[in-house]
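**Student:** One letter stands for each residue in the lines below.
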Amino acid sequence: MPVEIPKEKWTGKVRLVTLGATAAEGGTRTRRVTVGGGTTLPFLFFEGDMPHKPVIGIEIRDRKPDDWSPLLGLAWGEAMNDPGDWAKAAEQAGADAIVLAFNLADADGKAPTAAHAKATVRKVLQATGLPVIVNGPGQADLDNELLVAAAEEGAGERLVLGLCEDRNYRTIVAAALGHGHLVQARTAMDVNLAKQLNILITDMQLPLDRVLMDPTTGALGYGIEYGYSVMERLRIAALQGDSMTQCPMIVTPGEEAWKAKESKVGEGVPKAWGDWQERAINWELVTASSLVESGADIVVLRHPESVKRVHAMIDAMMAG
Amino acid sequence: MSSSVTFKPGNEAVTVPPGTLLVDAAQLAGLEINQPCGGQGRCGRCLVRVESGQVRRRSTLRLSAEDLSAGYALACQTVVDGDVVVDVPPQQAAERKLATDKTAVTVDLPFPYNPAIDQTLRTIYLEIEPPSMADQTDDWSRIKRVMLPKLECQAIETSMPMLRRLSKILREADWRVTAVVELGGWDRPACPARLVNVRPGYSVDQLWGIAVDIGTTTVTVYLVDLISGTVRAQAADYNGQIARGEDVISRIIYSSKARRSEPEANRLEMQQLVVDTINRLVEHVSYQAGIFQTDIDKAVIAGNSTMIHLLLGLDASSIRLDPFVTTVNQPPELTADRLGLAINKAGTVDCLPGVASYVGSDITAGVLGSRMYEATELSLFVDVGTNGEIVLGTADWLISCACSAGPAFEGAGVVHGMRATTGAIEEVWINQETLEPQYRVIGDVPPRGLCGSALISLLAELFIAGVVDKAGQFIMDLSTPRVRIGDYGPEYVVAWANETAEDVGDLALTKVDVDNLLRVKAAIYAGFDVLARAVGVDLADLHRILIGGNFGKYINVEKAVQIGLLPDVPWDKFRFLGNTSARGAYLALLSRSARNQLTSIAGMMTYLELSADNTFYESFTSALFLPHTDGDRFPSVKSLFEDRKA
Numbered sequence: 000m001p002v003e004i005p006k007e008k009w010t011g012k013v014r015l016v017t018l019g020a021t022a023a024e025g026g027t028r029t030r031r032v033t034v035g036g037g038t039t040l041p042f043l044f045f046e047g048d049m050p051h052k053p054v055i056g057i058e059i060r061d062r063k064p065d066d067w068s069p070l071l072g073l074a075w076g077e078a079m080n081d082p083g084d085w086a087k088a089a090e091q092a093g094a095d096a097i098v099l100a101f102n103l104a105d106a107d108g109k110a111p112t113a114a115h116a117k118a119t120v121r122k123v124l125q126a127t128g129l130p131v132i133v134n135g136p137g138q139a140d141l142d143n144e145l146l147v148a149a150a151e152e153g154a155g156e157r158l159v160l161g162l163c164e165d166r167n168y169r170t171i172v173a174a175a176l177g178h179g180h181l182v183q184a185r186t187a188m189d190v191n192l193a194k195q196l197n198i199l200i201t202d203m204q205l206p207l208d209r210v211l212m213d214p215t216t217g218a219l220g221y222g223i224e225y226g227y228s229v230m231e232r233l234r235i236a237a238l239q240g241d242s243m244t245q246c247p248m249i250v251t252p253g254e255e256a257w258k259a260k261e262s263k264v265g266e267g268v269p270k271a272w273g274d275w276q277e278r279a280i281n282w283e284l285v286t287a288s289s290l291v292e293s294g295a296d297i298v299v300l301r302h303p304e305s306v307k308r309v310h311a312m313i314d315a316m317m318a319g
Numbered sequence: 002m003s004s005s006v007t008f009k010p011g012n013e014a015v016t017v018p019p020g021t022l023l024v025d026a027a028q029l030a031g032l033e034i035n036q037p038c039g040g041q042g043r044c045g046r047c048l049v050r051v052e053s054g055q056v057r058r059r060s061t062l063r064l065s066a067e068d069l070s071a072g073y074a075l076a077c078q079t080v081v082d083g084d085v086v087v088d089v090p091p092q093q094a095a096e097r098k099l100a101t102d103k104t105a106v107t108v109d110l111p112f113p114y115n116p117a118i119d120q121t122l123r124t125i126y127l128e129i130e131p132p133s134m135a136d137q138t139d140d141w142s143r144i145k146r147v148m149l150p151k152l153e154c155q156a157i158e159t160s161m162p163m164l165r166r167l168s169k170i171l172r173e174a175d176w177r178v179t180a181v182v183e184l185g186g187w188d189r190p191a192c193p194a195r196l197v198n199v200r201p202g203y204s205v206d207q208l209w210g211i212a213v214d215i216g217t218t219t220v221t222v223y224l225v226d227l228i229s230g231t232v233r234a235q236a237a238d239y240n241g242q243i244a245r246g247e248d249v250i251s252r253i254i255y256s257s258k259a260r261r262s263e264p265e266a267n268r269l270e271m272q273q274l275v276v277d278t279i280n281r282l283v284e285h286v287s288y289q290a291g292i293f294q295t296d297i298d299k300a301v302i303a304g305n306s307t308m309i310h311l312l313l314g315l316d317a318s319s320i321r322l323d324p325f326v327t328t329v330n331q332p333p334e335l336t337a338d339r340l341g342l343a344i345n346k347a348g349t350v351d352c353l354p355g356v357a358s359y360v361g362s363d364i365t366a367g368v369l370g371s372r373m374y375e376a377t378e379l380s381l382f383v384d385v386g387t388n389g390e391i392v393l394g395t396a397d398w399l400i401s402c403a404c405s406a407g408p409a410f411e412g413a414g415v416v417h418g419m420r421a422t423t424g425a426i427e428e429v430w431i432n433q434e435t436l437e438p439q440y441r442v443i444g445d446v447p448p449r450g451l452c453g454s455a456l457i458s459l460l461a462e463l464f465i466a467g468v469v470d471k472a473g474q475f476i477m478d479l480s481t482p483r484v485r486i487g488d489y490g491p492e493y494v495v496a497w498a499n500e501t502a503e504d505v506g507d508l509a510l511t512k513v514d515v516d517n518l519l520r521v522k523a524a525i526y527a528g529f530d531v532l533a534r535a536v537g538v539d540l541a542d543l544h545r546i547l548i549g550g551n552f553g554k555y556i557n558v559e560k561a562v563q564i565g566l567l568p569d570v571p572w573d574k575f576r577f578l579g580n581t582s583a584r585g586a587y588l589a590l591l592s593r594s595a596r597n598q599l600t601s602i603a604g605m606m607t608y609l610e611l612s613a614d615n616t617f618y619e620s621f622t623s624a625l626f627l628p629h630t631d632g633d634r635f636p637s638v639k640s641l642f643e644d645r646k647a
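Residue numbers (this note's numbering), protein chains in the order written: chain P, 0 to 319; chain C, 2 to 647.
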């Protein structure tokens with residue numbers, strides 16, 4: 000007896016969003032990345048299209064961070080000492096986009112300045128032809144200062160500015176509007192909050208094809224199921240035609256996975272946990288690939304080996 | 002080409018080009034028409050009536066179809082299109098006209114009242130044979146002997162507090178007294194009757210009762226003349242328990258705590274606090290009406306279940322804990338001395354029946370007071386107090402739920418909040434251009450604070466004027482000194498220190514207050530949403546929205562819709578009923594059949610426990626936005642913004 004596979008009839012579609020501008024569009028990027036456009040849940044090709052595959056951003060810092068796992072230090076080596084070198088290494092490691100994140104303090108413990116932000120952004124833009132996502136250190140006032148400077152320096156490059164949150168969206172959106180950038184709209188794992196921030200952003204006249212939703216995630220074992228289900232619900236709402244949820248999603252499994260004890264701690268843990276490095280990479284891999292399954296369009300990772308494996312996973316899934 | 006405009010009643014006339022605004026023409030004619038909103042057609046204060054001639058109305062907001070057909074127009078939104086005659090009502094008349102769109106029902110006699118039929122209390126005059134050596138019958142038997150034939154009753158009882166006073170009164174009054182008898186309450190319909198009072202001399206035309214509404218924040222007392230059925234005085238005050246917690250949950254927690262070695266000390270304290278509040282109010286209304294407190298022979302009390310438990314000194318802790326049950330939903334009658342109420346000690350206290358832990362007799366009384374139980378079409382009843390209770394249904398079915406709203410709309414928990422009394426700003430308009438406010442104060446004195454209706458209108462105006470965004474965050478880069486960082490973070494100054502009452506300083510609405518108000522309105526709207534979904538109806542299909550609670554008396558529907566507190570349905574579907582709980586208690590005090598009706602309402606109402614409903618949180622967070630995350634639910638607000646963009 001022939002079995003008929005039931006198919007959902009979705010009416011909505013994920014919006015297409017393009018990161019990076021080449022010379023033709025007024026920027027200096029050699030590559031652009033377009034995400035979104037899906038008309039079904041991830042990889043359900045029998046039901047709809049997924050014209051753009053999920054992509055990987057690699058997180059680099061303006062200077063070598065003090066609190067990252069030594070395993071990441073081993074992986075990136077000397078490149079971590081210079082954001083330009085790090086960006087190049089990340090590009091070689093398979094990044095589709097570079098995520099430049101600022102540390103909260105410089106080596107002397109002082110807050111980074113706008114001039115520092117400009118210089119660093121310039122250096123990274125010169126080192127790589129990939130689209131660049133710029134993240135502040137996560138303190139509202141400092142973020143505003145650094146991101147506005149970054150926006151000015153990268154004018155016309157279609158950078159992604161983040162994090163754009165409910166408390167600072169006016170400044171970030173204004174910077175994006177003024178210099179032709181995109182925003183990474185971060186909300187705390189809640190469908191309504193994500194929609195509300197998109198409404199606020201839209202009210203400022205930034206078109207939604209310049210918005211990436213960042214619904215926040217947790218690592219494997221640290222709340223991933225909650226983040227997963229929020230992303231899934233956002234995507235289902237988008238496919239059902241709710242325009243405020245139709246932006247592509249960016250999530251940061253790298254940052255989350257490398258906070259987990261399983262990744263951070265190599266000694267004094269049960270033997271059954273196995274090899275430290277393999278475990279840490281797997282933690283990032285499983286977190287990221289789960290999120291890709293739940294609808295992530297951009298996953299931001301830290302370790303080059305996880306990048307390779309997530310790419311392999313995405314390619315295998317795209318092959319159908 | 003030009004048009005002549007004549008203004009009545011003074012017949013000032015001017016000639017203006019067509020297309021001139023009526024307000025401008027009026028100014029030319031030397032008339033001042035107030036425009037508190039700055040001529041944006043939003044406050045409705047510039048109402049005029051076009052008696053003859055052609056005009057064009059740019060906006061008819063705030064006008065009903067009847068108003069329009071009667072020729073009413075907003076002078077700031079109406080242009081001359083030919084010769085016209087316009088009647089400018091005096092400012093007071095305009096205010097009155099506007100007051101009708103928030104029809105507060107005054108406490109009038111609800112039905113033709115006949116104490117002989119409706120009232121359970123009776124007064125009878127007795128002339129009693131004094132005792133003698135020949136007849137040593139005891140006082141009680143002696144009074145019964147005369148009373149029973151007059152009452153046509155088989156038996157009569159009394160109470161200890163009555164007996165304690167009996168001997169003295171009979172002798173001092175020389176055995177000529179007026180007795181007050183309770184002819185059987187709801188829980189003993191077949192009698193026996195009970196003697197509740199004996200007064201010296203002839204006073205059968207004197208009979209008093211009180212209707213009490215114990216709100217979590219506000220306690221209201223009506224003094225009712227049970228002969229005529231009218232409310233002779235009313236008073237309200239904050240519930241004295243507030244000092245022990247602002248919401249029911251914290252009160253329950255406090256009352257359940259043992260103090261030192263006394264497990265019931267806190268419970269007794271809570272009981273005393275509310276009794277003291279009621280007694281203060283009783284003293285006040287008695288003084289107003291010029292009667293003795295001890296002449297009050299009956300108290301009918303409505304309140305949420307926690308308030309009733311605390312009043313009766315019952316253990317309320319199970320109300321708070323899963324599975325959320327009360328000790329009793331229908332408490333038995335008792336005499337006033339048992340509670341220490343400062344009325345006749347032998348007087349009857351009847352606490353009205355509730356439905357569940359969070360739907361108490363304030364709501365059953367509200368349904369009675371609003372006559373919702375008689376409606377054939379779908380109506381929604383909402384009582385906004387510290388808790389928001391909501392009832393949906395028709396004469397055939399009723400379903401209710403309760404959401405914890407907090408006391409913000411009663412003025413508590415807001416930095417400059419206050420009750421709706423003298424000195425409270427009750428409405429605010431903000432000019433969209435200058436961002437300068439205009440406000441109206443109760444009692445025409447310098448303002449001291451913001452009451453619930455002001456909070457709603459202010460939040461709506463801040464939102465519409467673009468001072469706060471849809472998430473309720475202040476936009477700091479506006480060119481006005483009124484938006485600033487204050488002690489509590491960002492705030493909007495409604496009145497500067499030199500305008501306000503002494504010691505008030507700058508009167509502002511802060512970010513903390515806005516967040517608080519957002520949560521309150523979201524909780525209430527989510528309640529509507531969940532209840533409607535539970536029975537599969539659309540809020541847009543409601544035939545009537547009945548609004549009870551002290552708060553409902555003054556709010557402006559337009560503003561409440563703009564912040565997403567009330568569903569966006571045509572204004573003529575809203576009815577403001579004032580304190581329906583007190584009104585329900587008043588009806589039950591007057592009428593035996595109303596009291597019976599109340600028992601059957603309590604019996605037929607289904608209760609939906611929101612804490613067991615997983616859609617509530619989702620509804621709540623989507624309502625935590627101005628007016629709502631799903632903007633399509635509020636078409637009037639949406640079009641307001643679209644008009645402005647255009």
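Treat the hints as calculated values from the structure; they're not laboratory data.
Remember, predicted model here, so these are calculated numbers, not experimental data.
You may find that some hints are simply not true.
Label-pair distances were calculated between CB atoms; the ranges are [unchecked claim]:
id: 1; chain 1: C; residue 1: MET605; chain 2: P; residue 2: PHE44; range: 18 to 28 Å
id: 2; chain 1: C; residue 1: VAL505; chain 2: P; residue 2: TRP67; range: 49 to 59 Å
id: 3; chain 1: C; residue 1: ILE486; chain 2: P; residue 2: MET317; range: 44 to 54 Å
id: 4; chain 1: P; residue 1: ALA173; chain 2: C; residue 2: ASP633; range: 25 to 35 Å
id: 5; chain 1: C; residue 1: VAL505; chain 2: P; residue 2: GLY155; range: 45 to 55 Å
id: 6; chain 1: C; residue 1: ASP323; chain 2: P; residue 2: ALA106; range: 46 to 56 Å
id: 7; chain 1: C; residue 1: ASP82; chain 2: P; residue 2: PRO206; range: 21 to 31 Å
id: 8; chain 1: P; residue 1: PRO206; chain 2: C; residue 2: ASP633; range: 55 to 65 Å
Backbone N, C-alpha and C fix where the C-beta goes; we use that ideal spot for every residue, glycine too.
**Student:** Would you mind marking each hint as holding or not holding in the structure?
**Tutor:** Now for the hints, and whether the structure bears them out:
no.: 1; hint: C:MET605 x P:PHE44: 18 to 28 Å; result: violated (55 Å)
no.: 2; hint: C:VAL505 x P:TRP67: 49 to 59 Å; result: holds (54 Å)
no.: 3; hint: C:ILE486 x P:MET317: 44 to 54 Å; result: holds (51 Å)
no.: 4; hint: P:ALA173 x C:ASP633: 25 to 35 Å; result: holds (27 Å)
no.: 5; hint: C:VAL505 x P:GLY155: 45 to 55 Å; result: holds (53 Å)
no.: 6; hint: C:ASP323 x P:ALA106: 46 to 56 Å; result: holds (54 Å)
no.: 7; hint: C:ASP82 x P:PRO206: 21 to 31 Å; result: violated (41 Å)
no.: 8; hint: P:PRO206 x C:ASP633: 55 to 65 Å; result: violated (20 Å)
Checked against the numbered hints listed earlier, the structure breaks hints 1, 7 and 8; every other hint is satisfied.
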